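J.: One-letter residues, chain by chain:
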Amino acid sequence: MKEVFILKHITTINKANLKASALKGGCGKCQSSCQSACKTSCTVANQKCESVK
Amino acid sequence: MIHKFKQLGYNIVLDVNSGAVHLPDDCAYDMLDFLDAPMTEEMPADLPGKLPGYSESEVRESYAELYQLYKDGALFAEDDYEKYSNTMVKSPVKSMCLNVAHDCNLRCEYCFAQTGDFGGERCIMTPETGKKAIDFLIERSGNREQLELDFFGGEPLMAWDTVVQTVEYARSIEKQHGKHFRFTITTNGLLLDDEKIDYINREMSNCVLSLDGRREVTDRIRRTLNGKSCFDVIVPKFQKLVQNRGDKDYYVRATFTRYNLDFTDDILAMRDMGFVQLSAEPVVTDPGEPYSIRQEDLPRVFSEYDRLCEVMANRTEDKFNFFHFMVDLNAGPCAIKRLRGCGCGNDYVAVEPHGDIYPCHQFVGIEQWKMGNLYDGTFNDDIKTYFSKVHVYSKEGCRNCWAKFFCSGGCNANSFLYEGDVKKPYKLACEMQKKRLECAIALAADRAVKGQETPVFTEAPASMG
Ligand code: SF4
Ligand code: SF4
Numbered sequence: 001m002k003e004v005f006i007l008k009h010i011t012t013i014n015k016a017n018l019k020a021s022a023l024k025g026g027c028g029k030c031q032s033s034c035q036s037a038c039k040t041s042c043t044v045a046n047q048k049c050e051s052v053k
Numbered sequence: 054m055i056h057k058f059k060q061l062g063y064n065i066v067l068d069v070n071s072g073a074v075h076l077p078d079d080c081a082y083d084m085l086d087f088l089d090a091p092m093t094e095e096m097p098a099d100l101p102g103k104l105p106g107y108s109e110s111e112v113r114e115s116y117a118e119l120y121q122l123y124k125d126g127a128l129f130a131e132d133d134y135e136k137y138s139n140t141m142v143k144s145p146v147k148s149m150c151l152n153v154a155h156d157c158n159l160r161c162e163y164c165f166a167q168t169g170d171f172g173g174e175r176c177i178m179t180p181e182t183g184k185k186a187i188d189f190l191i192e193r194s195g196n197r198e199q200l201e202l203d204f205f206g207g208e209p210l211m212a213w214d215t216v217v218q219t220v221e222y223a224r225s226i227e228k229q230h231g232k233h234f235r236f237t238i239t240t241n242g243l244l245l246d247d248e249k250i251d252y253i254n255r256e257m258s259n260c261v262l263s264l265d266g267r268r269e270v271t272d273r274i275r276r277t278l279n280g281k282s283c284f285d286v287i288v289p290k291f292q293k294l295v296q297n298r299g300d301k302d303y304y305v306r307a308t309f310t311r312y313n314l315d316f317t318d319d320i321l322a323m324r325d326m327g328f329v330q331l332s333a334e335p336v337v338t339d340p341g342e343p344y345s346i347r348q349e350d351l352p353r354v355f356s357e358y359d360r361l362c363e364v365m366a367n368r369t370e371d372k373f374n375f376f377h378f379m380v381d382l383n384a385g386p387c388a389i390k391r392l393r394g395c396g397c398g399n400d401y402v403a404v405e406p407h408g409d410i411y412p413c414h415q416f417v418g419i420e421q422w423k424m425g426n427l428y429d430g431t432f433n434d435d436i437k438t439y440f441s442k443v444h445v446y447s448k449e450g451c452r453n454c455w456a457k458f459f460c461s462g463g464c465n466a467n468s469f470l471y472e473g474d475v476k477k478p479y480k481l482a483c484e485m486q487k488k489r490l491e492c493a494i495a496l497a498a499d500r501a502v503k504g505q506e507t508p509v510f511t512e513a514p515a516s517m518g
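Protein sequence lines correspond, in order, to chains A and B.
So that you can map any letter, position 8 of the first sequence is 8 in our numbering, and since no number is skipped, the others follow by simple counting.
Add 53 to the 1-based position in the second sequence for our numbering, that's all there is to it.
The set of hints was computed from the structure by calculation and includes no laboratory data.
From a predicted model like this one, the values you see are computed outputs, not experimental measurements.
Note that the Cβ used here is the ideal one computed from N, Cα and C, for glycine as well.
Keep in mind that a hint or two might mislead.
Said to hold, decoys possible - Once the Cα atoms are required to be at most 25 Å apart in a straight line, the calculated PhoX-like pairs of lysine-lysine come out as:
| no. | chain 1 | residue 1 | chain 2 | residue 2 |
| --- | --- | --- | --- | --- |
| 1 | B | K442 | B | K423 |
| 2 | B | K136 | A | K24 |
| 3 | B | K143 | B | K185 |
| 4 | B | K143 | A | K29 |
| 5 | B | K136 | B | K442 |
| 6 | B | K476 | B | K487 |
| 7 | B | K57 | A | K8 |
| 8 | B | K124 | B | K136 |
| 9 | A | K15 | B | K487 |
| 10 | B | K503 | B | K59 |
| 11 | A | K15 | B | K57 |
| 12 | B | K143 | A | K19 |
| 13 | A | K15 | B | K136 |
| 14 | B | K290 | B | K372 |
| 15 | B | K437 | A | K29 |
| 16 | B | K103 | A | K8 |
| 17 | A | K24 | B | K232 |
| 18 | B | K290 | B | K249 |
| 19 | B | K301 | A | K29 |
| 20 | B | K59 | A | K15 |
| 21 | B | K57 | B | K503 |
| 22 | A | K8 | B | K124 |
| 23 | B | K124 | A | K24 |
| 24 | B | K124 | A | K15 |
| 25 | A | K24 | B | K143 |
| 26 | A | K19 | B | K57 |
| 27 | B | K136 | A | K19 |
| 28 | B | K442 | A | K24 |
| 29 | A | K29 | B | K184 |
| 30 | B | K503 | A | K8 |
| 31 | A | K19 | B | K442 |
| 32 | B | K476 | B | K423 |
| 33 | B | K232 | A | K29 |
| 34 | B | K372 | B | K301 |
| 35 | B | K442 | A | K29 |
What the hints assert, rightly or not - Facing chain B, a subset of chain A residues (Cβ under 7 Å, in silico):
| no. | residue |
| --- | --- |
| 36 | I10 |
| 37 | L18 |
| 38 | C34 |
Excised from the complex, chain A in its bound form (with noise of 0.2 Å):
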């Protein structure tokens, strides 16, 4: 399971990373995304980063 933090009126679900990401990223490694819906397009965010594997 991923992180969960419960506090008593909020559950957030995920890291807040972004900003990180942001710091070490940018080095291009990661497929090429379309978002057409000619092939199966997606957005970004359903793809993997390919320095974390």
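Following the hints, position chain B with the ligands against chain A.
T.: Here is chain B with the ligands on its own, set in the frame of chain A:
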């Protein structure tokens, strides 16, 4: 910036700039309507008055928790990514769509390639051109080791000899150049036989199998040259391919149109055929076409996405992956990647049968976007520079859109074709994109709450994404 919505019975809040996803109770959820950065440790005195349905202690506690998240950088985080977009430069070319056949053995009504010929003459790429494309990719890929090449068309199996010779050639020289090729293919399946299935399962790291779900839906729009059904020919071949594929990636992908806005049934039909990795894309076409999806269809499309989302959350057996609802909220790509998305015309290009180079398969045949040719060695750097600067901060409306780090500004080709400008997102696509993302985030939340594993995400073929 935050985005709040309800889905699958959850109150969901996405903190756009940190990527955090919260599930607040009703009090905290409603309170967020009245809050913004900068938050103060002291609760604003008028807050309880704005939330008459909740006790003062509840309001106080909820505020304190929200403030904690704010201090931790997980709520109302600042957008400080523009500085990265300003430094974006041209990248090496690392992916290619190889249109090996501008011809097709089906006549699908909605085909963006205009029945396979891309509006030009029907033709097949020679093996020589395929090999030249490999040389081009190796030469232009700088220090990138992993190179992606998608065999596309038209129908690529109509150019099978070129496919095989191109793969063999790449394999024969990849090591000496310190590269590794990842091949993918998109096919309608008509020409599949045992030999091709084996070859695809051995050499292609992913393959996309086109089918529109239920028999009657598929047959209505995906017809053979003489108007016959293709369903019975194709399905057993796809089943065989998938059965023999082991744990390698594949997608069975459908296009849905105005004719089948109940496309959940098509997804389920494909699951019943034994396929697990599924996708269904809204058709993108001229709104004048009878099968087009128009603005007025959106409420129906949205309610169908809701239905599919619920089916997936409640299913305990025969589960499946739906490509558009897959999002990994913990280990997605870095923020830099998210600013620019597909990389068309920059790190991704398409090559057509004559060796002409375009920013991507959807720009093929549009003269003003032609980047060069493999045979005369031309490659237009201005177009590459232009696309390297196309990102969510240079596109109209994306900056203020909550979906920007998931969507990355949508499809440049669609923007050009339907809004007349690469930097002007195609509104209809934006609406559907945002709806799908809500479903995807809700499903991820549901899995987290239930303590379920994140499914293993199949990667998209290179250029297909
Ligand atoms: S998202 Fe659009 S512009 Fe980008 S590669 Fe795909 S079709 Fe081309
Ligand atoms: S949904 Fe539309 S406005 Fe939002 S980021 Fe995507 S393309 Fe831009």
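J.: Compare the structure with the hints numbered earlier in the document and write down the numbers of the violated ones, lowest to highest.
T.: none
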